[in-house]
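Undergrad: So you can see what is in the structure, the chains are spelled out below.
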Amino acid sequence: MTNSETLQETSTEKETTWEPVIVGFLCNWCSYAGSDLTGTSRLQYPANIRIIRVPCSSRIDPVFIIKALQSHADGVLISGCHPGDCHYITGNYFARRRFLVTKQLLSFIGIEDERVQYSWVSAAEGAKFAKVVEKVTEGVKKLGPLKFLKREDLL
Amino acid sequence: MKDKKFTYYPGCSAHGTSEEYEHTLNLVCKSLNIKIEEIPDWNCCGATSAHVMTENLALALPMRNLILAERLENSTMVIPCAACYSRMKETKIRLDEDFSLRTKINSTVDDGDYKGNVAVKSFLQYCFEDIGIEDIKEKVVKPLKDLKVACYYGCLLTRPKNIAQFDSPEYPISMDKIIESLGATAVEYPFKTECCGASFSISNTEIVLDLSSRILDVVKDCGADIIAVGCPLCQSNLDMRQKQIEEKMNRDYKIPVVYFTQLMALAFGYPKSELKLKKHMVNVEKVLASF
Amino acid sequence: MLVLKNLQHNEFLEKVNQKSGSNVLNCYQCGKCVSTCPVSGYMEITPRQVMQYIKLAEDEKLFAANSTWYCLTCSSCSARCPREIEIPRVMEAVRHLAIEANILPDSSKIKSIKKFHDIFISMIKRYGKMFELRLMAEFNLRTGQFFKDIALAPKAIGKGKLKFKSEKIKNLKGLKRLFEMNQKLESEIQNTENASKHESK
Amino acid sequence: MARVGVFVCYCGANIGDYVDVPKVVEEIKKIKEVRFAFDYKYMCSDPGQTTIKDAIIREKLTSVVVAACSPRMHEKTFRKALLEAGMNPYLLEVANIREHSSWVHQKDKVAATKKAVDLIRMAVSKSIANQQLHEISVPVTKRALVIGGGIAGIQAALDIADAHIPVLLVERSPSIGGRMAQLDETFPTLDCSQCIMTPKMVDAASHPFIELMTYSEVIELQGFVGNYKAKIKRKASYVKFDACTGCGACWQKCPVKVDNEFNFGQGKRKAIYTPFAQAVPNKPVIDAIHCTMLTKGKCGICEKVCEKGAIDYKMTDEVIEREIGAVVVATGYDLWDPKPYEEYGVGRYKDVITSLEFERMVSAGGPTNGLPIRPSDGEVPKTVVFLKCIGSRDESKGISYCSKICCMYTAKHVMLLHHKVHDSHSFVFYMDIRANGKGYEEFVKRAQVDTASTYLRGRVSKIYQKGKKLIVQGEDAQIGQQVQIEADLVVLANAIVPQKDAPELARMLGISYDRYGFLSEAHPKLRPVETTKAGVYLAGCCQAPKDIPESVSQASAAAAKVMGLFASDRLKKDPMVSTVLIENCSGCQNCIPACPYGAITTEEIPIMRGSKDLRTVAKINEGVCQGCGSCVAICRSSAAMLSGYTDLQLMKEVIAL
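Residue numbers (our numbering), protein chains in the order written: chain A, 1 to 155; chain B, 1 to 291; chain C, 1 to 201; chain D, 1 to 657.
No lab work stands behind these hints: they were computed from the structure. Please read all numbers here as calculations on a predicted model, not as lab measurements. Built from N, CA and C at the ideal position, the CB exists for glycine as well. Keep in mind that a hint or two might mislead.
One-sided and incomplete, this derived list gives chain D residues near chain C with beta-carbon spacing under 8 Å [what the hints assert, rightly or not]: (1) N369; (2) I373; (3) S376; (4) A435.
Subject to a maximum C-alpha distance of 30 Å in a straight line, what follows is the list of computed DSS-like cross-link-like pairs (lysine-lysine) [said to hold, decoys possible]: (5) K339(D) x K131(A); (6) K350(D) x K220(B); (7) K304(D) x K231(D); (8) K137(B) x K161(B); (9) K128(A) x K103(A); (10) K129(C) x K4(B); (11) K104(B) x K155(C); (12) K200(D) x K339(D); (13) K148(B) x K652(D); (14) K240(D) x K304(D); (15) K148(B) x K469(D); (16) K231(D) x K257(D); (17) K111(C) x K243(B); (18) K272(B) x K148(B); (19) K5(B) x K184(C); (20) K220(B) x K525(D); (21) K500(D) x K131(A); (22) K268(D) x K420(D); (23) K350(D) x K147(A); (24) K184(C) x K173(C); (25) K170(C) x K248(B); (26) K469(D) x K177(B).
Model the full assembly from the supplied sequences, consistent with the hints where possible.
TA: This is the structure in structure tokens:
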């Protein structure tokens, strides 16, 4: 599927400057609800993020992150319930441990820390979510597009 | 018993009002084969005025002593005076947990190189923790049979609890245990750690008279023959001022106030003549006549 | 009537907390400190009220009260405080701020207490050590109570409790330097504080 | 070839104003799997849903994407629509272009539009990988287990049983009744606890639908909602309950005297005993630690005097297993030990007692037949000082929370004392008076006025003995002065704390507990009686300090929850749960610890069809699985699969960008 062109063309209408693409993996119970709250309270944040809903941050397989970076994403945000508040009791602890390992791997292969970030956002923290997105977007913007990992033959 | 050794900080009063404390402390250590190494050229720790007036000085004065103490090869620094002990320990704790403060104050001391590797203990604490009741028992040759002692700790031996980190701030038992091990009976009474008025002795005497009288009242009620203390200030307030109190409150106490080390020395077999009992205002001989 | 200002930025509170290492806001006015304190009866403002005055940023009121000067730092209060506030260090902090601000309660008692401490410190400065007799004498002279404790003195001297001899420490120079440098530190802190105050204004 | 239908909603102006919807539709049409794209003002409205239904049938769609508000809003609605069009509801994907685009990028229509397109593209790509899923349904064992025989447990058991649902009521002490049985009178009405309690205890014991197991403890709970297996240990009572008539001959004759724990060591009981006169069941147990027959083999009197031959020294603990559908936990509370208050001489002064000791004293059935006395000399106290917040609201010595009932029972104690000893006077030291219940404030007022008791605001700093009196030193904050009281008796209102073994219980049941050890509810406001574990409910003080009315209402609420659960014969369950592709499973068993619900076990399967050699693979109990997906992410051989969020679905979503 060659959607990169369409993506380009929609963007070229407004600005020619490069805009990063960020994939957000949000757990259904806290962070996704939180991001909904950001919406319902009309808090504005950069439009770079594309949110994927997962039941729990522990569902996120490191492969997804790498796959995202390999396709069109320049950055990844992972967000789950606050420690102790996991809807699935202990899920976010697993997620956290797994994420730390993944980070090490990524920095080993030369992906900057700012590209892949982790945050706790509860269902009540709409404002926080907006801030988090800004932070990530800023971080990734500074770093510029992620090139070397890209592959054309996806799936 | 293997030889022990500690760094010794006498404190100013040891060479003045409370020399009998230091003297008997030496006797006690002698018979327990504990070597004492006095800090060379130590200075006043600032108690009880420095911390009242300024913050830094209250830390700098003790720090100088701590630094000097660290230059001797002993793990522990022992202090007879409760006030000095408290200042020293508080300084140590605050310097150890706040690095920036440490460097700040350290810079004010001559070739200061504070490391924080010396433990600070009151002599009472040292007796209880490092010597141990058993070893003290061993040395007793003259049990103080049916001598009823009220062990008075005052404030600073067990408080503030996060500074002293020793025994109970409300109802301590360490001195009682020691006294019991000498064959005497430590009487139960509720004012073991009430304040005697401390530094107001000179500057605000009537408060001292008031507070000390409360303590003496309770001690009298519990039927003690004698009060044992571990603090020169408490000693002078309860002993030196006892007559004044009796006059002011028209009471009759006549309760001698001695240092627990004096009783230890006595039980360890030293003749009374060596205990400097004469230094006390309230007559001690009568009570100790039978020993 | 006490008119309360907006207390969003209570500088006094912040200073006291910073100096004392406790957070006065934790106080819930249970009064255990007052019932504990051996001298609360003598205080114009009881420890519990002191906490409240700090919360209300009423520094002058506290500076002018004898309370912090009467605190014996016996720490019975902090040993019992349910909210684990180091009350003696709060008292100390307020006292130090009062000294910095150079405001003293208008009472001979406090003046004499302060005098006592001044003499005490000056003696350390002079000798590096302290001598009760000289202290007593000097104090009584300076406070004009020549005959105070006169009854005690001879007896005490007789019993060798109070000594005339006065040893000095060897490294007096070092000690003098220590005093000066600490003085500097204090003043520096004050200056920076004042500076920051001006900025904020 | 997939045939996806995309339905873009304007949501009135909510999306329409900030996202160029026609442009979106035009973009989406370019995706080759998209068979049909359509926009409408309100997709969730009836006409909106009708277009979806019609399109599904007309265009023979294989999956549907609705681009509208958050799926958390209308996913169910649209799933229903699919169902009504004869399509499996789980073939729906929702693209959240309102909360995630139009509402958060109101200043940049182009970007918002572009984002909307991407979100829809992702949804389309995912929906292609969607599979038909079917609601899981599991059978229900319609028997409830109630743990704890206090007032909460009894109430829950009775309510459930009255709905003709069998209940197993397990109590670890020899009698039900719990704390309430120890009380004399109850606030704010001062009706006698025994009088209102005993009938309920008898009902519980005699109820045809309640199986009462006293002197027993639940030691294991396996399975999942509707299908639990509970193991209950019946401790050896050395008395055959079926034979025993409760005549009492044994405990009258028993020579061994033991401190009576029901009265906190005031008075004695025998080694064979019932905890109190109104005990239910009224059958004794032998205390194996003190009985000389069991310890030294000497005595045996009870056996001799028992005409029914109910005594059996050989009896041993037995473990009973029961199938259970739901559990109500009502294990109650413990009292905080005030020893840390050294300044009050706790332990040193006999006449400094705790509130429940006082309660036993003034209770008619208590050790002193209702007369308050000084434990030290047995004299009747004239001046009594009550101290509140002992351990409560004290981070330094106790716990930081408020125990909630002390203000009230202290007021009650003041009244009871006044009723029993007319010439007595009460002083009450308090910090705040918390009387927020029906008739509570009025009750406190009565205590203050009718008994002319003295309420002092402040905390006591020290208590010490002076002669026969206790000197109580405190502050009266109103006048801001130290006060001293010469008291005969001091009563400490010590805090309510969780049962010491509450955390163990929680772990055994697989539910969570807070930092104090109170069992945690699923949601502090909206799910106060449920736990995070389906089919396990809470009642009474095991969850937090409560008074009797609250405990009883929570118990009834829990009962209602159980009835609701048991209303249908099978439980319906969201099909988005994990399964194992056994051909992929290497049997590494990493998934087992990863599962928060213990839903994963192992099974032995033939290496290949027909072979006799077996290998171990993971087995997921879809009844227990809650669908978090931990096992999927941890699985190396991608054998674990979470329906609705399969690797393929998410991967397609990722690369669709």
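Undergrad: Kindly indicate which numbered hints from before are broken by the structure, ordering the numbers from low to high.
TA: Structure breaks hints 1, 2, 3, 4, 5, 7, 11, 12, 13, 16, 19, 20, 21, 23 and 25.
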